[in-house]
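Each chain, letter by letter, is given below.
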Amino acid sequence: MWNPYSEVAPATARRLGLGSVLTVLGLWALVCGVGLVGPAKLPSPWAVVHAFIQLSWNAQLGSSPLMEATLWSVSRVLIAGVLVVVIGVPIGLLMGASPRINATLSPLVDPFRSAPVVALLPILVMWLGIGEAMKIAFLFLGAVVYLVPMVRDAVRAVPQAYWISARDLGATPWEAVWHGVFPLARPRIADAITVAVSVMWTYITVAEYVNAQKGLGQLIQNARRFSAMDQVFAGIVVIVGLALVTYSGMVALKRQLYPWEVE
Amino acid sequence: MTPNVDTAEPVAASASPAPVSMRLTGIVQEYPRADGAGAVRVVDGIDLEFARPSINMLLGPSGCGKSTVLRMMGGVRPFGVKTPTTGRIEIDGRPCEGAHDDVVMVFQRYANRPDLTVHDNVAFPFRFRLWKKQISASMVEQRVKEMLEMVGLGGKANLRPAQLSGGQNQRVALARALVLRPRILLMDEPFGALDAQTREEMQQQLVSLWEQQQCLIVFVTHDITEALLLGDRVILLSNPPAKVTDDFTITERRPRSALWLRSTEAQQLEERLLRQLHAGAKRGQVRVTV
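Residue numbers (my numbering), protein chains in the order written: chain A, 1 to 263; chain B, 1 to 290.
Treat each hint with caution, since some may be false.
Derived SDA-like pairs: lysine to any residue, alpha-carbon spacing no greater than 20 Å straight-line [unchecked claim]:
(1) B:K145 / B:Q212
(2) B:K243 / B:P114
(3) A:K254 / B:K243
(4) B:K132 / A:W163
(5) B:K156 / A:P259
(6) A:K254 / B:E211
(7) B:K243 / B:D120
(8) B:K243 / B:Y31
(9) B:K156 / A:W260
(10) B:K133 / B:D120
(11) A:K254 / B:R160
(12) B:K132 / A:P173
(13) A:K214 / A:I130
(14) B:K133 / A:I130
(15) B:K243 / B:V20
(16) B:K132 / A:E175
(17) A:K214 / A:R224
(18) B:K243 / B:D115
(19) A:K254 / A:S198
(20) B:K82 / A:P173
(21) A:K254 / B:K156
(22) B:K133 / A:P259
(23) B:K145 / B:R41
(24) B:K156 / B:G167
(25) B:K133 / A:L128
(26) B:K82 / A:I164
(27) B:K132 / A:W178
(28) A:K254 / B:P114
(29) A:K214 / A:L128
If you are wondering where the hints come from, they were derived from the structure by calculation, not from laboratory data.
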């Protein structure tokens, strides 16, 4: 039991994980079933399932509010995600490749890693209004301040031996970085992107609180306004589920693309 | 390195070796002390001359500055330090300052790219403009194939470094250096991390490669046996600050057998080296106690 280096068989691991989830669900059902907490504070699991079904298909409108909200949120994360990667990765690469560039840019980037990006929301609203641009910009900022330093560190984590070796074989300093260092930083950069996307999923509700019209954040916000706690829970479950799916998808993709490790 | 004319190049690189000379004059290297008070002298006036393709062993105790000297020859400089502090290095009579493409280096750490196959690792240097503009893609393909056969990895061209043993990985690194057909090859304890048996195999491999593709090798080691087995010439450096304390040639043909190592000649050479190494160590101790 107390051996941090021992391995758990995958089947056992799955059983243990499932067991703890079911335990929490059971306790939740028990607390609600015996009426320990009222439905206004904690909806029962079956109420959440019911709300989920209700949100999944609205017969009156002939559409699925949940699906619509999900698509809006997903597309926002997707757009912001592409921007984060296209802009953040090159900046991180350059910072990692050159201590001079890093010294120049890190005062602009590093403080935001620990600063509350949420506090920037009012400023973004003033600059960009309450439309899509603001929401994308907020997601972008929230994620890019994590991504850039992580990409930089990924580059720096590549042992110097690779750069020196490329130089000895006739590479210019830039060629040594491009052919000898950057390719080996890819697995860690993939990790950084995975973290950045996870961060965006945590910020999506905040981004969609303002001028909530479409999206999962809006769905939760609206439900809260009408004290429909079951719907709030259903919305949260969907976001957690989406975050989990993207996360495990990206981890699997990384394993597929980069099955090697840097010695 | 002289540019190769693609069509005129022989298939096997067994042509008569290109002449090469390297001369070190009055090499001194000092590093600033960590606390900023003055400087530490690591290399204390070295003069060496290499005039023909041959295997030259640079032998010395650990930390004696032999790697520093080797790196100087290769133009690899530590950041922010003038290298060498004084003295001159010339290759074919031309002063050599900074990185240059007359030499290729092989380190103990082979630094093969883990994401590339053995074939692509050996072809790796040809991604750089320096070589790309000299050698056509088809020529590269031919050379890489030849090289893989020469180091006995022809059948493993599509494997990745993680699927190879340490010795095989060092072979890849060696092939990646020799595929450039350097006139000068600098080796910094390349087999230091290998187990005894693999190391022996690699030494034999190096000898046979050198027979096929002769160049000027300067090989740093702290292993007396390795020096005696491989060297046309053995240069002994003292404890730091390093000076040349011995310099002799060995005429015995390679590959040299274990039997030869037990011969009177080899035993005498070994004792000669050991005596000087011990003498140096004692002087070092006295200096410490004073």
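Evaluation of the provided hints:
Note on K145 of chain B and Q212 of chain B: the hinted pairing holds, with a Cα-Cα distance of about 15 Å set against a maximum of 20 Å. Note on K243 of chain B and P114 of chain B: the hinted pairing is violated, with a Cα-Cα distance of about 39 Å set against a maximum of 20 Å. Taking the CA atoms of K254 of chain A and K243 of chain B, the gap is near 52 Å; set against the 20 Å cutoff, the hint is violated. For the hint linking K132 of chain B to W163 of chain A, the alpha-carbon distance of about 19 Å falls within 20 Å, and the restraint holds.
Proximity of K156 of chain B to P259 of chain A is assessed by CA-CA distance (about 18 Å); at most 20 Å being required, the pair is judged to hold. As the CA atoms of K254 of chain A and E211 of chain B are separated by approximately 45 Å, the hinted pair breaks the 20 Å bound. A C-alpha spacing of about 41 Å is found between K243 of chain B and D120 of chain B, which places the hinted pair above 20 Å, so the restraint is violated. About 16 Å separates the Cα atoms of K243 of chain B and Y31 of chain B, which keeps this hinted pair within 20 Å; it holds.
Simply put, K156 of chain B and W260 of chain A have alpha-carbon atoms about 17 Å apart, close enough for the 20 Å limit, and the pair holds. Between K133 of chain B and D120 of chain B the alpha-carbon distance is near 18 Å, which keeps this suggested pair within the 20 Å criterion. Pair hint K254 of chain A plus R160 of chain B holds up; C-alpha atoms about 18 Å apart against a cutoff of 20 Å. For the suggested pair K132 of chain B and P173 of chain A, the alpha carbons sit about 16 Å apart, so the restraint of at most 20 Å is met.
The straight-line distance between the Cα atoms of K214 of chain A and I130 of chain A is roughly 12 Å, inside the 20 Å bound, and the hint therefore holds. For the hint linking K133 of chain B to I130 of chain A, the alpha-carbon distance of about 55 Å lies beyond 20 Å, and the restraint is violated. Between K243 of chain B and V20 of chain B, the direct Cα distance comes to roughly 24 Å. Violation of the 20 Å bound is thereby established for this hinted pair. With a C-alpha separation of about 12 Å, the suggested pair K132 of chain B and E175 of chain A falls inside the 20 Å cut-off, and the hint holds.
The suggested pairing of K214 of chain A with R224 of chain A holds, with an alpha-carbon distance near 15 Å, which does not exceed 20 Å. At most 20 Å may separate the alpha-carbon atoms for a hinted pair to count; K243 of chain B and D115 of chain B exceed this at roughly 42 Å. Under the criterion of a C-alpha separation no larger than 20 Å, the hint pairing K254 of chain A with S198 of chain A is consistent with the structure, at around 15 Å. Annotation: proposed proximity of K82 of chain B to P173 of chain A holds, straight-line Cα distance about 19 Å (limit 20 Å).
Using a Cα cut-off of 20 Å, the hinted pair K254 of chain A and K156 of chain B is violated, with the two alpha carbons roughly 26 Å apart. For the hint pairing K133 of chain B with P259 of chain A, the CA-to-CA distance comes to about 33 Å; that exceeds 20 Å, so the pair is violated. The straight-line distance between the Cα atoms of K145 of chain B and R41 of chain B is roughly 45 Å, outside the 20 Å bound, and the hint therefore fails. Proximity of K156 of chain B to G167 of chain B is assessed by CA-CA distance (about 13 Å); at most 20 Å being required, the pair is judged to hold.
Annotation: proposed proximity of K133 of chain B to L128 of chain A is violated, straight-line Cα distance about 51 Å (limit 20 Å). In summary, the hint linking K82 of chain B to I164 of chain A is supported, as the alpha carbons are separated by about 18 Å, within the 20 Å threshold. Proximity of K132 of chain B to W178 of chain A is assessed by CA-CA distance (about 15 Å); at most 20 Å being required, the pair is judged to hold. Note on K254 of chain A and P114 of chain B: the hinted pairing holds, with a Cα-Cα distance of about 15 Å set against a maximum of 20 Å.
Simply put, K214 of chain A and L128 of chain A have alpha-carbon atoms about 18 Å apart, close enough for the 20 Å limit, and the pair holds.
When held up to the earlier numbered hints, the structure conflicts with 2, 3, 6, 7, 14, 15, 18, 21, 22, 23 and 25 and fits the remainder.
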